[in-house]
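Visitor: Could you put together the complete structure from these sequences and hints?
Number of protein chains: 2
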Amino acid sequence: MSKLAELKKRLSTVWDLRSTSSLLSWDQQTYMPPQGSGPRAQQMATIDRLAHEILTADETARLLDEAATELNGAADDSDEACLIRVARRHYNRGANVPGSLVEEFSRTCSLAHENWVEAKRSSDFPLFAPHLEKIWELARQIAGARGYQEHPYDALLDEWEPGTTAAEVRAMFDEMRPRLVALVKRIRESGVNLDASALHQRFDLERQIAFAKFMAEEIGYDFNRGRQDISAHPFCTSFSAHDVRITVRYFERFLAPSLFGTLHEAGHALYEQGSPPQFNHTPLRGGASLGIHESQSRWWENLVGRSRPFWKRYFPKLAGFFPEQLHGYTVDQFYRAINRVEPSLIRVEADEVTYNLHIMIRFELELQIMEGKLAIKDVPDAWNDRYSEYLGVSVPNDGSGCLQDIHWAHGILGYFPTYSIGNVVASQLWERMLEDLPNVDELVENGQFKSVLGWLVEHVHSRAKKYLPKELVQKVTGEGIQCGPFLRYLETKFGELYALDR
Amino acid sequence: MSKLAELKKRLSTVWDLRSTSSLLSWDQQTYMPPQGSGPRAQQMATIDRLAHEILTADETARLLDEAATELNGAADDSDEACLIRVARRHYNRGANVPGSLVEEFSRTCSLAHENWVEAKRSSDFPLFAPHLEKIWELARQIAGARGYQEHPYDALLDEWEPGTTAAEVRAMFDEMRPRLVALVKRIRESGVNLDASALHQRFDLERQIAFAKFMAEEIGYDFNRGRQDISAHPFCTSFSAHDVRITVRYFERFLAPSLFGTLHEAGHALYEQGSPPQFNHTPLRGGASLGIHESQSRWWENLVGRSRPFWKRYFPKLAGFFPEQLHGYTVDQFYRAINRVEPSLIRVEADEVTYNLHIMIRFELELQIMEGKLAIKDVPDAWNDRYSEYLGVSVPNDGSGCLQDIHWAHGILGYFPTYSIGNVVASQLWERMLEDLPNVDELVENGQFKSVLGWLVEHVHSRAKKYLPKELVQKVTGEGIQCGPFLRYLETKFGELYALDR
Numbered sequence: 049m050s051k052l053a054e055l056k057k058r059l060s061t062v063w064d065l066r067s068t069s070s071l072l073s074w075d076q077q078t079y080m081p082p083q084g085s086g087p088r089a090q091q092m093a094t095i096d097r098l099a100h101e102i103l104t105a106d107e108t109a110r111l112l113d114e115a116a117t118e119l120n121g122a123a124d125d126s127d128e129a130c131l132i133r134v135a136r137r138h139y140n141r142g143a144n145v146p147g148s149l150v151e152e153f154s155r156t157c158s159l160a161h162e163n164w165v166e167a168k169r170s171s172d173f174p175l176f177a178p179h180l181e182k183i184w185e186l187a188r189q190i191a192g193a194r195g196y197q198e199h200p201y202d203a204l205l206d207e208w209e210p211g212t213t214a215a216e217v218r219a220m221f222d223e224m225r226p227r228l229v230a231l232v233k234r235i236r237e238s239g240v241n242l243d244a245s246a247l248h249q250r251f252d253l254e255r256q257i258a259f260a261k262f263m264a265e266e267i268g269y270d271f272n273r274g275r276q277d278i279s280a281h282p283f284c285t286s287f288s289a290h291d292v293r294i295t296v297r298y299f300e301r302f303l304a305p306s307l308f309g310t311l312h313e314a315g316h317a318l319y320e321q322g323s324p325p326q327f328n329h330t331p332l333r334g335g336a337s338l339g340i341h342e343s344q345s346r347w348w349e350n351l352v353g354r355s356r357p358f359w360k361r362y363f364p365k366l367a368g369f370f371p372e373q374l375h376g377y378t379v380d381q382f383y384r385a386i387n388r389v390e391p392s393l394i395r396v397e398a399d400e401v402t403y404n405l406h407i408m409i410r411f412e413l414e415l416q417i418m419e420g421k422l423a424i425k426d427v428p429d430a431w432n433d434r435y436s437e438y439l440g441v442s443v444p445n446d447g448s449g450c451l452q453d454i455h456w457a458h459g460i461l462g463y464f465p466t467y468s469i470g471n472v473v474a475s476q477l478w479e480r481m482l483e484d485l486p487n488v489d490e491l492v493e494n495g496q497f498k499s500v501l502g503w504l505v506e507h508v509h510s511r512a513k514k515y516l517p518k519e520l521v522q523k524v525t526g527e528g529i530q531c532g533p534f535l536r537y538l539e540t541k542f543g544e545l546y547a548l549d550r
Numbered sequence: 049m050s051k052l053a054e055l056k057k058r059l060s061t062v063w064d065l066r067s068t069s070s071l072l073s074w075d076q077q078t079y080m081p082p083q084g085s086g087p088r089a090q091q092m093a094t095i096d097r098l099a100h101e102i103l104t105a106d107e108t109a110r111l112l113d114e115a116a117t118e119l120n121g122a123a124d125d126s127d128e129a130c131l132i133r134v135a136r137r138h139y140n141r142g143a144n145v146p147g148s149l150v151e152e153f154s155r156t157c158s159l160a161h162e163n164w165v166e167a168k169r170s171s172d173f174p175l176f177a178p179h180l181e182k183i184w185e186l187a188r189q190i191a192g193a194r195g196y197q198e199h200p201y202d203a204l205l206d207e208w209e210p211g212t213t214a215a216e217v218r219a220m221f222d223e224m225r226p227r228l229v230a231l232v233k234r235i236r237e238s239g240v241n242l243d244a245s246a247l248h249q250r251f252d253l254e255r256q257i258a259f260a261k262f263m264a265e266e267i268g269y270d271f272n273r274g275r276q277d278i279s280a281h282p283f284c285t286s287f288s289a290h291d292v293r294i295t296v297r298y299f300e301r302f303l304a305p306s307l308f309g310t311l312h313e314a315g316h317a318l319y320e321q322g323s324p325p326q327f328n329h330t331p332l333r334g335g336a337s338l339g340i341h342e343s344q345s346r347w348w349e350n351l352v353g354r355s356r357p358f359w360k361r362y363f364p365k366l367a368g369f370f371p372e373q374l375h376g377y378t379v380d381q382f383y384r385a386i387n388r389v390e391p392s393l394i395r396v397e398a399d400e401v402t403y404n405l406h407i408m409i410r411f412e413l414e415l416q417i418m419e420g421k422l423a424i425k426d427v428p429d430a431w432n433d434r435y436s437e438y439l440g441v442s443v444p445n446d447g448s449g450c451l452q453d454i455h456w457a458h459g460i461l462g463y464f465p466t467y468s469i470g471n472v473v474a475s476q477l478w479e480r481m482l483e484d485l486p487n488v489d490e491l492v493e494n495g496q497f498k499s500v501l502g503w504l505v506e507h508v509h510s511r512a513k514k515y516l517p518k519e520l521v522q523k524v525t526g527e528g529i530q531c532g533p534f535l536r537y538l539e540t541k542f543g544e545l546y547a548l549d550r
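Chains as they are written, first to last, in the numbering used here: chain A, 49 to 550; chain B, 49 to 550.
Treat the hints with care, as some may be off.
The list treats identical chains as one, so a pair stands whether inside a single copy or across any two.
[As the list claims (entries may be wrong)] With a straight-line Cα cutoff of 30 Å, these simulated DSBU-like cross-link-like pairs (lysine-lysine) come out: (1) K56 - K523; (2) K182 - K541; (3) K182 - K57; (4) K56 - K182.
Since the hints were derived computationally from the structure, they do not count as laboratory data.
Guide: Shown next, in the form of structure tokens:
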């Protein structure tokens with residue numbers, strides 16, 4: 049067996065363990081009986097520890113070196129060279145982190161999750177605070193063990209957005225903030241008020257589910273390699289390119305979450321289903337980063353799913369599912385309803401304009417916690433102050449405030465910036481796609497998503513995890529990650545919706 | 049850390065991997081999308097190989113010895129002594145089986161399974177034969193590597209029924225066969241024909257599911273620690289005492305499978321839920337053997353679930369779910385319908401009297417294959433001959449014949465006898481329980497299952513896997529495994545139903 053083959057076999061064990069861990073998590077969030085969580089936490093900790101141990105063993109380092117020597121001279125962007133590069137990055141990130149720390153972090157987060165559910169329900173931050181304290185303490189240890197060049201936050205961010213630094217994120221937000229704040233102000237002062245009442249009626253859940261599946265299938269989600277379930281927090285997960293699952297949540301009195309949640313998660317799923325099958329069981333399978341992943345989900349949710357051409361086609365179909373509720377509404381009224389801008393408390397319900405302000409708040413607090421400048425007990429006040437400053441809303445309780453997101457309770461720290469990176473990259477890709485498909489509006493209006501999806505598969509999906517996010521964006525668009533296209537997109541779209549040029 | 053604690057930590061890794069493998073399998077049989085099976089087979093093979101490698105590593109042997117020395121003097125039936133004994137049995141069974149053989153067997157069975165589905169559907173035994181050949185060839189190698197004292201079949205049987213030999217099974221069947229054959233003959237000649245038409249009507253699936261869940265809950269299945277789904281082949285699986293799941297299959301035009309399938313699988317589930325929580329993540333969790341497990345499922349399916357007292361209470365409730373279909377039937381008619389005896393082709397549909405004849409046929413053929421006296425290509429003829437001889441039915445095609453069971457295709461060889469051991473042990477336990485709960489009929493008729501279940505928990509469930517099946521039966525009943533009580537039970541019950549004493 050060649051050294052490369054030996055390396056691949058070893059890595060396939062690690063990535064089989066990781067996809068198995070993802071199934072344990074999917075099951076926990078969909079079908080696991082209520083009392084299963086204690087033992088499940090231990091099972092996940094065991095699987096995560098084994099994956100970590102096998103990945104970071106000396107044997108892996110030896111095989112990485114030997115396989116690299118064997119491959120000497122292979123093209124830099126060959127699958128094999130990329131495999132070694134990506135695997136080495138994973139090895140380096142984990143090699144100095146003790147298995148016991150990985151296991152403790154995993155178990156701590158599992159227990160914290162139960163606790164967070166209760167704390168959120170009862171708006172009781174002090175109940176959750178000791179868990180959050182422990183999670184950040186362990187995260188600091190992990191960041192220290194991983195190492196970093198500029199800022200300890202980089203060591204966390206790197207897990208989700210390889211090669212990206214806090215300084216880069218800060219620069220991106222510094223560019224975005226004034227233009228977003230100005231846009232929000234102009235919208236508020238426009239005197240225009242978009243009516244969203246169409247979405248706030250009683251919508252039968254079974255019909256919502258049926259329409260959601262119909263839409264997901266329309267844009268290209270393959271149910272022979274996927275499924276759609278219900279969970280409290282919508283997500284997409286995959287165990288191979290042949291098994292990519294999404295979850296959605298449905299509200300009887302609010303239609304938007306199922307429509308846009310489905311398009312969002314199906315967008316993630318299309319990326320995973322587009323990963324070349326030969327990358328199954330390898331570190332190359334899946335998306336380049338969480339940011340690039342988010343560019344795909346936002347693409348389908350917003351650039352396609354909140355566009356006028358899309359609803360020209362699908363509003364009549366939606367009205368077929370809900371004739372009573374939507375009778376009398378026009379496509380244009382519906383288009384305006386789904387694009388209403390309103391500064392609000394809850395990130396996942398935020399419109400396109402204010403969304404990134406929610407992210408900035410989280411990023412800034414995370415940085416301060418990491419730097420030791422913000423104590424956990426002071427998080428609620430810091431949170432509430434910023435919501436008042438950036439969004440002009442006052443937070444009535446911590447359940448709708450700093451307890452709203454699942455991320456911290458899951459130990460997912462340094463992750464929030466990837467949402468904004470996703471928004472930004474989506475618009476960059478869209479501008480680039482327009483060069484190849486200038487008639488995209490017509491394609492969308494006719495439900496011809498094959499060429500749109502095909503463009504993404506060719507330029508993004510088929511490259512899976514071969515490149516760093518910034519390398520990938522460079523390859524596709526010819527430039528680095530830029531806010532410009534996204535800000536232009538917002539200003540144009542909402543300029544028209546709110547008649548800002550008048 | 050003590051050596052025992054080190055051993056426990058090591059074993060918990062193995063048993064966490066095993067319960068994770070069970071989840072991968074549960075998911076495959078319930079919710080996995082159609083195309084997920086290829087990658088899933090590899091994920092399962094990886095997890096199974098790792099569990100095997102960690103269990104059979106020299107380090108495990110060393111810790112077993114050291115922990116045993118540390119424990120010197122502990123009572124033989126202490127949890128710790130039992131843990132070491134059981135773990136050593138698992139170690140010994142696996143230590144000489146190469147990991148490559150385990151992986152090859154796992155992969156062979158995964159591929160065989162796909163193939164068997166098609167062969168069964170098209171009744172094409174030659175299509176399946178090469179796979180079956182390979183499975184038995186590998187099984188012979190595994191048996192050789194494991195080692196045995198009397199017969200190579202013992203090495204397979206031991207996995208499911210530790211400490212039990214082919215000779216003991218043969219003796220059991222030799223005692224049973226003449227009395228069963230005689231009973232079948234008397235029933236056939238009785239002239240009595242029980243009418244089962246009540247069960248063969250159209251029964252709405254949603255209502256069947258609702259009634260099944262109601263029944264499972266009534267006998268004590270805890271849905272906070274379990275759930276009930278649909279699969280092509282009903283089964284029970286568990287990942288801890290806090291997460292024990294069953295599946296049932298429903299037919300719109302035949303009510304029996306959902307009623308008795310539910311009671312059967314819930315019986316297995318009660319055993320797993322009764323396993324002391326401190327045994328989670330250890331080799332002591334779960335049932336003593338597959339035979340003892342089957343004694344629990346048969347207990348609830350047959351001794352309780354096909355009894356008159358049970359339906360005195362539940363027939364009116366069932367009629368409430370299906371008023372149209374069951375209007376005009378009496379409890380006694382229903383009791384007779386569910387106890388109709390009829391020699392048939394299909395094991396899983398067999399009545400209590402003929403069931404074990406199906407098992408004997410499989411056991412005899414397995415022995416002959418193992419001994420090299422029966423070639424795989426001759427299995428269909430041998431199968432059909434015995435069905436004609438023992439049950440008086442002629443097999444129209446291999447799909448309803450030797451291809452009917454999933455076991456061989458899954459590499460589950462030497463397993464069938466556990467079904468008969470289960471039937472036998474259930475009646476032994478029942479006779480013993482009558483000494484403590486002589487009013488059991490009254491309890492069942494009043495739906496007071498707490499004391500019945502409590503008796504099982506005290507005598508069987510709480511002992512989990514601490515003892516060999518024969519040791520457990522000895523502890524509970526004061527004697528070894530015996531056919532007598534089971535044969536007496538059948539002769540009495542069906543003597544009355546078929547008026548054989550007239």
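Visitor: Against each hint, give a clear statement of whether it holds in the structure.
Guide: Structure-based check of all given hints:
Taking identical chains as interchangeable, the C-alpha atoms of K56 and K523 lie at most 30 Å apart only when both belong to the same chain, with a minimum of 26 Å there against 51 Å between chains. In this assembly of identical chains, K182 and K541 lie within 30 Å of each other by CA distance neither inside one copy nor across copies; the values are 44 Å within and 63 Å between. In the homo-oligomer, the alpha carbons of K182 and K57 lie at most 30 Å apart only across protomers (24 Å), although the nearest pairing inside one protomer, at 36 Å, exceeds that limit. In this assembly of identical chains, K56 and K182 lie within 30 Å of each other by CA distance solely across copies; the values are 27 Å between and 36 Å within a copy.
Checked against the numbered hints listed earlier, the structure breaks hint 2 alone; every other hint is satisfied.
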